[in-house]
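Participant: Protein chains in written order, with the numbering used here: chain A, 1 to 216; chain B, 1 to 219; chain C, 1 to 251.
Rather than coming from a laboratory, the hints here were simulated on the basis of the structure.
The structure presented is a predicted model; accordingly, all values stated were derived computationally and were not measured.
Glycine included, each C-beta is placed from N, C-alpha and C at the ideal position.
Treat each hint with caution, since some may be false.
To be verified - With a straight-line cut-off of 35 Å between C-alpha atoms, the simulated DSBU-like cross-links for lysine-lysine are: (1) B:K130 x C:K244; (2) C:K239 x B:K130; (3) C:K244 x C:K140; (4) C:K167 x C:K140; (5) C:K239 x C:K140.
Stated by the list, open to error - A few chain B residues that face chain A, going by a derived Cβ cut-off under 8 Å, partial list only: (6) V64; (7) V125; (8) I174; (9) A187; (10) C195.
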Amino acid sequence: MSFARWVSIYGSTYWTGLAWTAFIALWASFGAVVWGCVLLLIRLSAGRWGARGVDAYVQLFRNTPVLLPIYLIYFAFPMIGLPWPAVVCGGLALILQNGAYISEVLRGSVNAIDRVQFDAARSLGLAPWGTFRKVVLPQVLVYSLPALGNQVVLLLKDTSLLSAISITELTMQAKLLTEQTGAAYEAFIVVALLYLVLVSSTEVLFRVAHHAVRWR
Amino acid sequence: MIPPGSLALLAQGAAVSLLLAAAAIVGGTVLAIVLAAAAFSRIAAVRALYRVYVYIVRGTPLLVLALLLFYAMPALDLRTGPYIAGTLVLIIYTGALFAEVFRGGVLAIPRPQWESARSLGLPPVAMFRKIVAPLVTRYTLPPYVNVCVMTVKASSVLSIISVWELTLAAREIIERTFAVFTILGLAAAFYFVMCFGIDRLGRRVERRLALRGFAGERA
Amino acid sequence: MIAIRGLRKAFGGLRVLQGVDLDIGDGEVVALIGRSGCGKTTLLRCINFLEEYDAGEIRLDNTPLWYREAPGGGRQRVSEAEARRQRQQMGIVFQQYNLFPHMTVLDNVLLGPRFSQRVSAVEADQLGRRLLARVGLEGKMSAYPAQLSGGQQQRVAIARALAMRPKVLLLDEITSALDPELVGEVEDVIRSLLSERIMMVIVTHALRFAREVAHRIAYLSDGAIVELGSPAEVLDRPKDPSLKEFLRHVR
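Same shape as in the complex, but just chain A (with noise of 0.2 Å):
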C-alpha cells in the first residue's frame, strides 16, 4: 500500500512510542545536568582527590558504550534487590552517562569564568556553598547552554537504545510495528522523521533559550 495510506492507517500507534521517548529524554536529561552539576561541585570543593575521582569517572563514562551501563542496571538491579521497572533502569544509565559529559562542558565554562568573579564572591564573605549557588552555577549554566543543548540531542538520541531493553519508546515501535505489518520502510521512515522533528524542536528550543539569557 502506499506510503500515505499506510501512515494514515499505523500514524497513531506512534503516539505511545513518542510520549514515552520525551517522558524519558526529558527527566534523563534534567537528571543528568543535576549530576553533572553534583560532579562539578564534588571537582570543585574535594581537593585533589575529588578532581581526581571525576576524572576517572568521567574517562570511564566517556571511553565505554552507553549500552553496558543500560545493560549492567537492567540485569544487575533486580538481582541485588531492586527490582526497579525497566524504565528507571535505562534512564538512570542515561543519567549517569551524560551526567559525566554534562560536567565536562560545565567545567570548560567554569574555567571561561573571570578569575576576578572568584574573589569578588569571596571578598563579599560568601561561603563556598553560596559562591557555588549565586556566582558559579547561573553563569556556568547560562555559558554552557548551547553545549548542553547538544548533550541533550544526544541523550533523546540515546533513548532508542532502551529499545534493546524492552521499553517501548519510538525505536521499540516500529520494530512491533514492523513485526505487525511487515512495512519496515514505511516504520522506520516515519520513525526517522518523527526524530528528526524531535531533534530540530530540542535545538531551537536551545537556541531560544540561549538569546533570551543572553539579553539579560
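Using the hints, position chains B and C against chain A.
Facilitator: Relative to the frame of chain A, chains B and C by itself:
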C-alpha cells in the same frame, strides 16, 4: 569467578568490534573526503545535498539508521548478512561525522593562506597536495581521533541488529550465566582499552607532527 | 607598467570602488592611504584578482588582465588556468598568516617557483637561498614559521613573493600587525628593493614610511582617488578637505 571460556569469547568480540570500527573509519574517511568536496562545491544544489545528508544522519539515532538498512536490505534484494548492513551503516554514520570535521578544518585555514596559494598561481593538484591536505590534517587531528573513538563505541549499537561483537557477546554470556557484574566489567575494560588506546595514539601522532612545525602560529 | 581605468566594485549594495583611475610606471612605488573602508585594500586585491570587479580595466604592460571580451558582447572572466598564469606576474604580501606553517622557511619560498613555474629543484633551491640571504634570513632556512618572529615571517613572505620574479609587488599593510620594534627590519627590506626598480603598490597607515619610499601617494576616500601626487604634495600641501582631516587625525 569468571565463567570459563567467557574471557576468550569477549576477546574475540572485542576483535570483531575493532575490525568493524576500522572498516568504518577507513570507509568513512573516504566517503567524508567526497562529502567535504561536495560541501564546498560551487553548485548550490550540491552544497544543499550535503547539508541534508548531514542533517539526516546527525538527527536520527544510529540504531534507527541501522534498523532501516537492516530491514531494507532484503527488500533491495541484497543477500548479505547483518555484518555488511552494520558496516555500511557505520560508514554512512562516520562519513557524516568525518565530513563535518574536515569541513571545519578547511574553514579553519586562515584566509591569507588560501590567498597566498592562489597568488602563487599554484595548480589545483599541487594546491591540494602541498597546502590543503597538510593543513587540514593539522587542524583536524584531535576531532578526527574523537570520531574514531565514537566509532568504536557506536559499533556496540550494532549488537541490536544481531551483529556479533563485544556487546552482543557480553549479553549472550550474561543471559547464560547471570554473571552480570563480571562480564560487563570485562566488556567495559575491553572497550576502555580500545578507546583510550586510540586516544593516546592520536596524542602521540599529534606530538610527532608538532615537532615538525605544526605547532601553533605566532600572532 | 600598470594602467587602471574606471574600476568599479560593489559588495551587494555597498559601492566600494567608484571609478578608480591610476597609472603606475615601471619601477614606480605608489602608496595607497586613506581611512578604513575607503577601498584601498579592495583596490589592491582587484589588481591581482583576489576580488572580482564589476567594471573597468586593468592592464599590465598594455595587456588587459582578468577579463576578455565575450563573443556576444560584454566581458567574461578568463579561465582559472589563465588567471593563475596572470597572477604569477604579481607578488602579494598580507598583513599576517602569510606563511604555510607546515613547511620550512625555504620550502615556503620555493613553493611558487617549483610548482607553478616548474623551475628545477636545483635552480629553485639556489634562488630561494639567494632571496633569503637578501632579506637577511639565510640562517633560518630550515626553521618553521612558528619559530620566527612576526618581522622575520613578513621578511620571508616578501622573499616568497619575490621568488616568482614578479613585475609588481603588492603589499597590504604588511607592518600593521607587528610589534613596533619589528617594523624596522621589514621596512629595511622594502627600502632595499627600491634599487631593483620593481613596481610596488603599498597599502599602509605608516605615512612616515610612505613619504620615504613612495614616488607618489594616492589618497582614497569613498572608493575613489581624491588626491594623487608626490609625498610632499599630498602630505605637506593637501588640497582636499577630507585629506586634511585625515592627516590631522593621524598626526
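Participant: Does each hint fit the structure? Answer for all of them.
Facilitator: How the hints compare with the structure:
Of the supplied pair hints, the one linking K130 of chain B and K244 of chain C is violated, its CA atoms being roughly 48 Å apart against a limit of 35 Å. Taken as a hint, the K239 of chain C and K130 of chain B pair is broken in the structure, with Cα atoms around 50 Å apart against an allowance of 35 Å. For the proposed pair K244 of chain C and K140 of chain C, the alpha carbon gap of about 44 Å is over 35 Å, so the pair is violated. Taken as a hint, the K167 of chain C and K140 of chain C pair is honoured in the structure, with Cα atoms around 27 Å apart against an allowance of 35 Å.
At most 35 Å may separate the alpha-carbon atoms for a hinted pair to count; K239 of chain C and K140 of chain C exceed this at roughly 47 Å. Restraint check, V64 of chain B versus chain A: the minimum CB separation of about 5 Å is within 8 Å; hint holds. Evaluation of the V125 of chain B hint against chain A yields a violated restraint, the C-beta minimum of about 38 Å exceeding 8 Å. The restraint placing I174 of chain B at the interface with chain A holds, with a minimum CB-CB distance near 6 Å, inside the 8 Å limit.
At about 6 Å, the closest approach between the beta carbon of A187 of chain B and any beta carbon in chain A falls short of 8 Å, and the interface hint on this residue holds. The closest approach between the C-beta of C195 of chain B and any C-beta of chain A is roughly 4 Å, which is under the 8 Å cut-off, so the hint is satisfied.
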